[in-house]
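Chains as they are written, first to last, in numbering that gives the first Met the number 0: chain R, 0 to 315; chain F, 0 to 156.
The reader is advised that the hints may include incorrect statements.
[Unchecked claim] Coverage of chain R stretches by chain F, computed from C-beta distances (three or more under 8 angstroms per stretch; other residues unrestricted):
id : stretch
1  : 186-200
2  : 231-240
3  : 244-256
4  : 273-281
[As the list claims (entries may be wrong)] Pairwise CB distance ranges, derived in the manner of DEER restraints:
id : chain 1 : residue 1 : chain 2 : residue 2 : range
5  : F       : R55       : R       : M285      : 15 to 25 angstroms
6  : R       : P228      : F       : T47       : 13 to 23 angstroms
7  : F       : H83       : R       : Q219      : 28 to 38 angstroms
8  : F       : H83       : R       : A179      : 11 to 21 angstroms
[Stated by the list, open to error] Below, in silico cross-link-like pairs of lysine-lysine (DSBU-like), each with a Cα-Cα straight-line distance of 35 angstroms or less:
id : chain 1 : residue 1 : chain 2 : residue 2
9  : R       : K187      : F       : K103
10 : R       : K146      : R       : K229
11 : R       : K229      : R       : K19
12 : R       : K128      : R       : K48
13 : F       : K130      : R       : K197
14 : F       : K103      : R       : K193
15 : R       : K193      : F       : K147
16 : R       : K28       : R       : K48
17 : F       : K103      : R       : K202
18 : R       : K193      : F       : K94
19 : R       : K280      : R       : K193
20 : R       : K65       : F       : K12
21 : F       : K94       : R       : K187
22 : R       : K69       : R       : K197
23 : R       : K280      : F       : K94
24 : F       : K103      : R       : K297
25 : R       : K283      : F       : K147
26 : F       : K12       : R       : K111
27 : R       : K146      : R       : K69
28 : F       : K12       : R       : K280
29 : R       : K202      : F       : K147
30 : R       : K283      : F       : K94
31 : F       : K147      : R       : K280
32 : R       : K28       : R       : K69
33 : R       : K314      : F       : K12
34 : R       : K202      : F       : K94
35 : F       : K130      : R       : K229
36 : R       : K65       : F       : K94
37 : F       : K130      : R       : K314
38 : F       : K94       : F       : K130
39 : R       : K229      : R       : K128
Hints in this document: simulated from the structure, not taken from any laboratory.
None of these values were measured; they are calculated from a predicted model.
Using N, Cα and C, we set each Cβ at its ideal position, and we do this for glycine too.
Each chain, written out:
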Amino acid sequence: MTSIIDDIRKTARQLLTEEKVDVVIGYEKGSLPLKATPCFVRSPQDVDKLIWDETCENNLAAFVVKTPGKKAIIAKGCDSRALMVLIQENQIVRDDLYIIGVSCQGVIDQRKIEAETGEIIGATITDGKISVQGIECDKVFNFTEVKDITCQTCRYPNPVLEDVHIGGSIEVLQQATLFADVMVMENKSDSERKAYFKEQMGKCIRCYACRNVCPMCYCQECFVDCNSPKWLTGGVDSAENLLFQTGRALHLAGRCVECGACSRACPQGVDIRALSRKVNKDVKEMYNHESGLTEEVKPALNVYSADDPEAFLVKE
Amino acid sequence: MSMGECLVNTETKAFQPKIVAFLCNWCSYAGADLAGVGRFQYPATIRTIRVPCSGRINPLYILKAMANGADGVLISGCHPGDCHYMSGNYVARRKFALIDSLLKHVGLEEGRVSFSWVSAAEGVRFAEVVKGVTERVTALGPNKGVFKVEDGGGTND
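Isolated chain R (complex conformation):
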């Protein structure tokens, strides 16, 4: 890990000194333990702020659209897929972007740690061991135990789009069944699924953190903020929360890159992935499309074929 960060800093310093880019988007140490925060480095002196470890959980592609000028970005596999979709959707100019690709081992899910130690007061990471000082107890975790659920089934840890690669690449796990988690849900009865989503949506407080961290949620005016027509009221109601979450999942159909940033950002621990994963599975099965892998393949909902499935039609 240390050599990776040295190389990242070296590359960033070089880019800024040679004025190839105006800003390097990366991670710095956050104000809370085990939380990295996105940072924007604009001068070579500040390059040493940059860090790279298992706490770098944000999808930095979310900041690219809003950052003017030429920029370099530190991209994990999922960040690079998001950048690919943004390029496909003409949101960013490829020439203004310098992608520093880094293969990613996965990131930490703090909730798993906090479930055992209580609020985290301090923590250090050394060689895949995370020693946590919690408010209730201290504990040492193996990284694999507390790896985020999205990262556990990650199939694209290596960037799909990059200008330079730093560090080695990671061997991709071969999975017997893709979308095993969605299948478990699908095999439940209608009433069980209904109850599950009702419970999940009951927790949602519609803070829109999921939308704000999402690299694909870049609409100038989100439907939740629109007051004519008024899609949502100000009240908190699990039915309305479900309208928001399903509406959002459908907007992300064929675009979601499964970075899991939405679920990690959720302060209430709502299983937001359950919806987007289901849509991703449908898109994969019906249209054989996975978002953000190559520039040539158009997003699933931008194209069509004459023989698309239409099992959903009424029987009359």
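Following the hints, position chain F against chain R.
Showing chain F alone in chain R's frame:
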């Protein structure tokens, strides 16, 4: 009467659903017109909303109709290949398949939201579709579904 209340036939006490029908201007709307001109009977359960093309239908229209208390939603456009705008219904078809699948996944009853292709020449078929949809929605009863917002969903009335 607001959308949230359910209609009950005063004579028979039978539940009569309110179904929001999004019909494309060029085919299904004309099909509904033909059903009327030809005097083909179908239940007076649908509230038609004319849209320029089935491709114009936003998933939020369906969700919002359910939230505001519609007992059912019917979406109908031109048959694939017959779109007035060449490809609107092909694009819509991909979207509809995903909407249908996701809504069932989150626990919306089968039959609440229906999709169909009805051409301008299919007046009889339009009547059949509405009959079928009405039967299924009536069997399900009033919308107490996952999207129904109890306080009227901010309809401002």
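How the hints compare with the structure:
1. 186-200: With 7 residues in contact (Cβ-Cβ under 8 angstroms with chain F), the coverage given for the stretch 186-200 of chain R holds.
2. 231-240: Check passed, 7 qualifying residues.
3. 244-256: The restraint on the stretch 244-256 of chain R holds, since 6 of its residues have a Cβ under 8 angstroms from chain F and three suffice.
4. 273-281: Per the Cβ count (4), the hint holds.
5. F:R55 - R:M285: 15 to 25 angstroms: 22 angstroms, holds
6. R:P228 - F:T47: 13 to 23 angstroms: Distance hint for R:P228, F:T47 holds at roughly 18 angstroms.
7. F:H83 - R:Q219: 28 to 38 angstroms: This hint holds: roughly 29 angstroms between Cβ atoms.
8. F:H83 - R:A179: 11 to 21 angstroms: 43 angstroms, violated
9. R:K187 - F:K103: 12 angstroms, holds
10. R:K146 - R:K229: 39 angstroms, violated
11. R:K229 - R:K19: 45 angstroms, violated
12. R:K128 - R:K48: 23 angstroms, holds
13. F:K130 - R:K197: Within the cut-off at roughly 31 angstroms; holds.
14. F:K103 - R:K193: 9 angstroms, holds
15. R:K193 - F:K147: Answer holds: R:K193 to F:K147 is near 13 angstroms, not above 35 angstroms.
16. R:K28 - R:K48: 8 angstroms, holds
17. F:K103 - R:K202: With a Cα-Cα distance of about 21 angstroms, the restraint between F:K103 and R:K202 holds, given a limit of 35 angstroms.
18. R:K193 - F:K94: 22 angstroms, holds
19. R:K280 - R:K193: 19 angstroms, holds
20. R:K65 - F:K12: Not OK: R:K65 and F:K12 at ~58 angstroms, beyond 35 angstroms, violated.
21. F:K94 - R:K187: Given pair F:K94, R:K187 holds - Cα atoms ~24 angstroms apart, limit 35 angstroms.
22. R:K69 - R:K197: 45 angstroms, violated
23. R:K280 - F:K94: 14 angstroms, holds
24. F:K103 - R:K297: Distance of about 27 angstroms is within 35 angstroms: holds.
25. R:K283 - F:K147: 30 angstroms, holds
26. F:K12 - R:K111: Answer violated: F:K12 to R:K111 is near 54 angstroms, above 35 angstroms.
27. R:K146 - R:K69: Roughly 33 angstroms between the alpha carbons, so the hint for R:K146 and R:K69 holds.
28. F:K12 - R:K280: Since the Cα atoms of F:K12 and R:K280 sit roughly 44 angstroms apart, the hinted pair is violated (cutoff 35 angstroms).
29. R:K202 - F:K147: Holds, at about 17 angstroms.
30. R:K283 - F:K94: 14 angstroms, holds
31. F:K147 - R:K280: 26 angstroms, holds
32. R:K28 - R:K69: OK: R:K28 and R:K69 at ~24 angstroms, within 35 angstroms.
33. R:K314 - F:K12: 29 angstroms, holds
34. R:K202 - F:K94: Holds. R:K202 to F:K94 sits at ~28 angstroms (cutoff 35 angstroms).
35. F:K130 - R:K229: Holds, at roughly 32 angstroms.
36. R:K65 - F:K94: 28 angstroms, holds
37. F:K130 - R:K314: Given pair F:K130, R:K314 holds - Cα atoms ~12 angstroms apart, limit 35 angstroms.
38. F:K94 - F:K130: 25 angstroms, holds
39. R:K229 - R:K128: 49 angstroms, violated
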